[in-house]
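There are 2 protein chains.
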Amino acid sequence: MPSITVTVEPEGRKISVERKIILLKNLIASGLSVRSDCGGKGECGKCRVILKDQKNANPISLTEIKYISEDDIKAGYRLACQLRIEGDSSIFIPSESKIRNRRFLAEGLERPVKLDSAIKKVHLHLPEPTLQDPRSDAERLTAFLEKTCHLESLEIDYRVIKNLSETLRRAKWDITVVLLNEKEVLAIEEGDTTSLLYGVAVDVGTSKIVASLIDLLSGETLALGSIENPQIIHGEDILSRISYAILGENELKELASLAINGVNTAIQNASERAKVSLSNIYEVVIVGNTAMHHIFLGLQPRHLALAPYIPTIKESINLKTEEVGLRINPCGNIHLPPIIAGFVGSDDIADLVATGINENNETALLLDVGTNTEVNVGNKILLLSCSCASGPAFEGANITHGMKAVEGAIEKVKIDPKTFKIEYEVIGNSKPVGICGSAMIDILAEMLRNKLLDKTGRFQVRQFPKIFKKTGNTTSFTIVRSSDTEIGKNIVFTQRDVRELQLAKAAIYAGCWILMEKRKVVEIELKRVYVAGAFGNYIEPANAKTIGLIPDVSDNKIELVGNTALSGAKMILKSKHVREITEELSAKVKYIELGADLTFNKEFSLALQFPHSDLNRFQSFQRDI
Amino acid sequence: MPSITVTVEPEGRKISVERKIILLKNLIASGLSVRSDCGGKGECGKCRVILKDQKNANPISLTEIKYISEDDIKAGYRLACQLRIEGDSSIFIPSESKIRNRRFLAEGLERPVKLDSAIKKVHLHLPEPTLQDPRSDAERLTAFLEKTCHLESLEIDYRVIKNLSETLRRAKWDITVVLLNEKEVLAIEEGDTTSLLYGVAVDVGTSKIVASLIDLLSGETLALGSIENPQIIHGEDILSRISYAILGENELKELASLAINGVNTAIQNASERAKVSLSNIYEVVIVGNTAMHHIFLGLQPRHLALAPYIPTIKESINLKTEEVGLRINPCGNIHLPPIIAGFVGSDDIADLVATGINENNETALLLDVGTNTEVNVGNKILLLSCSCASGPAFEGANITHGMKAVEGAIEKVKIDPKTFKIEYEVIGNSKPVGICGSAMIDILAEMLRNKLLDKTGRFQVRQFPKIFKKTGNTTSFTIVRSSDTEIGKNIVFTQRDVRELQLAKAAIYAGCWILMEKRKVVEIELKRVYVAGAFGNYIEPANAKTIGLIPDVSDNKIELVGNTALSGAKMILKSKHVREITEELSAKVKYIELGADLTFNKEFSLALQFPHSDLNRFQSFQRDI
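Chains as they are written, first to last, in the working numbering: chain A, 48 to 672; chain B, 48 to 672.
Certain hints may be false.
It does not matter which identical chain is used: a pair holds within one copy or between any two.
Dumping the calculated DSS-like pairs for lysine-lysine here, alpha-carbon to alpha-carbon at most 25 Å [said to hold, decoys possible]:
hint, residue 1, residue 2
1, K121, K209
2, K637, K194
3, K209, K300
4, K635, K194
5, K113, K67
6, K230, K367
7, K300, K367
8, K367, K209
9, K427, K637
10, K513, K502
What the hints contain is simulated information worked out from the structure, not anything from laboratory work.
Bound-form chain A, shown alone (with noise of 0.2 Å):
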């Protein structure tokens, strides 16, 4: 019987699994754990896995009814301890049915603002209506709040009206509204809850959903919930998820239910560590990039994958609970901030707002790196944005040992100048499992510094014979010996592995390249270059501007600042002022298409070399080696 390949996510391994042996028993067997408090005896239901095919499974069992909700079973949600794969797959381990979580990063450069958000609460105590007085009930409670709190053409919600005559009358007129902009009624109370006022931030990225609870009385942060994004069963990156929508308006409607319910997960979470009811949040405002944003929206992101990338929308959008799925409060609001273009998202507005580079006199550049990463340059005069298609590696995918910044990663990487002895450090207490793009980063700087790798990116393999193993057609640097692997095989890194860097780190610098030469700004006048996101946050400035990843500013101005996404995000839920800065910003930020741009390819090319072609643009190069 030929053995079957399961594909594991979200790290993508390739298991062997036999057929008529249950899921989690080849888990374990290949190494890979999964949360089983009973042991696999159908007692606990913590096994849960997502199988993203179910025509190659045995039927749902009647355990797995009683463990998995309906919702959850459509999700594709099946308990490992139940489950035979009889054909080749993809199974999803979520994170809550996992050991060993992926590190991510919640915190980012936040900066103080006035509280004001978006949704407030009133407390009232209505006159009663009476035979002299019979004015709708509508009309007593508009009138009212418009005269006590100086509001003008309030509207109501349908939802609101349709149980207001007997909300008002249970609450013997003592009522607390809740009120959107100031502008409408989103839901009544009866008596004062006044108290009880929360939001959520949350940022979808393409790798993990980040949701942070916010009090909205006080501005504090209670609680994180994070879950990876369960739509990596369709892919990784952002690409293979679009595909997978195109298919047709089942795969889309899929694709946006993985991630409506992962945010209801991650809100879930936050509200269960601060032990916050839901029906006590009352907005989630929620950014990501465009693809994100349309797929949540349930819009076809076809044509963001097609020349000439056009988004369906741009505008920020309110929306209702029930118009997508979120479990807050049923009369809360949901509000996507705007978009700047196809591959640049809210995410982008959101890292612009935390920083704060459209506000500040002062030039500076932004660059969030992923599979796109999205570059801005400019000042509160002129803004320009454009996304480079940077590609997967950095997130290890095509690398030989490439793996995402999840425990067992290599994510430090020394080389001693004398002894060509390797140091590194390891996320988690495990032995090294494979390298991160951090690592991945370094390992590039240190061989440039060593004479190890020449500025074309080859190995020195003339020079260094013992360093480098060739293996038929592969030339090998070992990172890490065997013995000293989880794998059980050396952990190496390849003239392969260089060349695919060298591709990704091209297409940033030369988009930071052509956004300043539009800009019309050279290095020595970026005051700073602010590096978001996780991955950002954990690399080593002097190394990235080494290989030529960014542009050659001193190491004092380089700020890491993790997360903006989220802190962005928390900013637009508790602004309305920042709220709309971000309708300016999505209006006024020039988004330049590098697909357009005639200078690309020469650019590109010449920044395949490390760091540069052009050695004028990299001058402390020459005194770091």
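Knowing the structure of chain A, use the given hints to seat chain B on it.
Just chain B now, kept in the frame of chain A:
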């Protein structure tokens, strides 16, 4: 075995049925005809009836599942040829299953309006996006529309955004945009569809739902559709419906969906007659009394029936098709004009705009007689309105041989002053079954003229011993002898009937008088008395004055204006200007709560006499008899 009583709506006839015999046979045996093309073989599906409570019946048969849609099964539809009733029940025979239809009045006074509907279509050819012009689809559309049509701050409905990118490209950027109020993009269609633009005006009456299908490009009325209001199964009058809705959320939902299904049927009938596709109907304007309005919207009408009779909302509402459940174009708009008060609905608003008394310098009185009679007095400077609890007597309830104006009803009566021989006219060509409202007024007036009745409402038995018949406690006046009737017994008019009608007419007159007093007008200053409604259209004005139902104005001032609720709704559908007027009216018309009026009890007592205790108010009465 005791016989079972089934109440057959909408006429309210009670029939005895046999338990083991199918309902169709029982109905036919009782002289009630129900359409049955196949003669009860279960082969045509035409003998549809609505059974209120399924617990007293055999389960749904496979034949019924074959012929009745799932929605209709939920709504209680059954086939009479499959149904066995096993306990006292109510059934409703819907219009489509009837051979004899209720006479109804769709036409009403309608003033010409400048055609300017809220829904408009614009055919556009958008410039295609390029790398140099990468605006979002939404931005491209709104910018082009705003420029070419000189519009501002357009909004796009989220439902449209969801399919926008695909629709634009499938249409090759050649599209027709459907706009609401030149503010909101409701729909995008491929190619040029500007020649197809229809709307429907609907009057949701307590008894009858009438829909008028309008070509919004020409203003022409293309077809009518109508159906008995299927809510009748829960009672003939508004208060019974409210009582049912009060029972709970499910009962309210059931009533709402009965009304919505009824409106759907009426619209579908009209669209089939006009051969217009439902998908080309973009707006429905719905008027009705406040209870119908609230129930249609799913608003609990409980407080309409309890002092101080407060409606939930008075303002007009625009809803999405899917929020209501109407089957027109899925992007269409459902407009409910504003109401005036708890018992003065949007049907009264429609009456006002159709007669135009709100625009004239001349003072007029408008009344729409029903279970609640709306009365309006005034002119363009000030309009007062009130609602009189006139009760259902004129609709036939509580009157010995009373019935609605359906086939078989006596609608006109004259008494020969010499022979006292009675001449009558019957609706349709059948023998008489009972007496409808207009004939009741005729009988009272003719009896007064012929001194058979004194001004206190007492039968003059002593003076005319041969004319009246006494059976037990009941004194009756025979209108038609049994040999000439359909029911095989005398159709009579009793002393108790007079008392019922006195209560009704006194309530109406007192309302008129109090409004005239408050508006400070006397009869001579009234330039017009508009009598609206189906009932009003068949009454004899002189007789109405003779009994003191309406104030004593000269006959040429009385205008029977017919179904102005529907004709007003048509004007609201055709003209944004009229729609604005309705908003003003709702705010401006001064509602007088008769229950809070200190003079009401006295005025009501004075009005019990024929025509009135104060004969100075009815000087023409002296001349008349």
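Hints versus structure:
For the identical chains of this complex, K121 and K209 are inter-copy neighbours only, at 23 Å across copies versus 31 Å inside a copy, given an alpha-carbon limit of 25 Å. In this homomeric assembly, K637 and K194 come within 25 Å of each other (Cα to Cα) only across copies, at 22 Å, whereas the closest approach inside a single copy is 43 Å. Only between protomers do K209 and K300 lie at most 25 Å apart by alpha-carbon distance; the minimum there is 11 Å, versus 29 Å within a single protomer. Within a single copy, K635 and K194 get their C-alpha atoms only as close as 37 Å, which misses the 25 Å cut-off; across copies the closest is 20 Å, which meets it.
Within a single copy, K113 and K67 get their C-alpha atoms as close as 23 Å, which meets the 25 Å cut-off; across copies the closest is 45 Å, which misses it. In this assembly of identical chains, the alpha carbons of K230 and K367 lie at most 25 Å apart whether taken from the same copy (15 Å) or from different copies (21 Å). Proximity of K300 to K367 under the C-alpha cut-off of 25 Å is found in both arrangements, the shortest distances being 18 Å within a copy and 22 Å between copies. In this assembly of identical chains, the alpha carbons of K367 and K209 lie at most 25 Å apart whether taken from the same copy (15 Å) or from different copies (15 Å).
When the C-alpha separation of K427 and K637 is checked against a cutoff of 25 Å, the pair qualifies only within one copy, where the shortest distance is 12 Å, while the shortest distance between copies is 56 Å. In the homo-oligomer, the alpha carbons of K513 and K502 lie at most 25 Å apart inside one protomer (21 Å), although the nearest pairing across protomers, at 128 Å, exceeds that limit.
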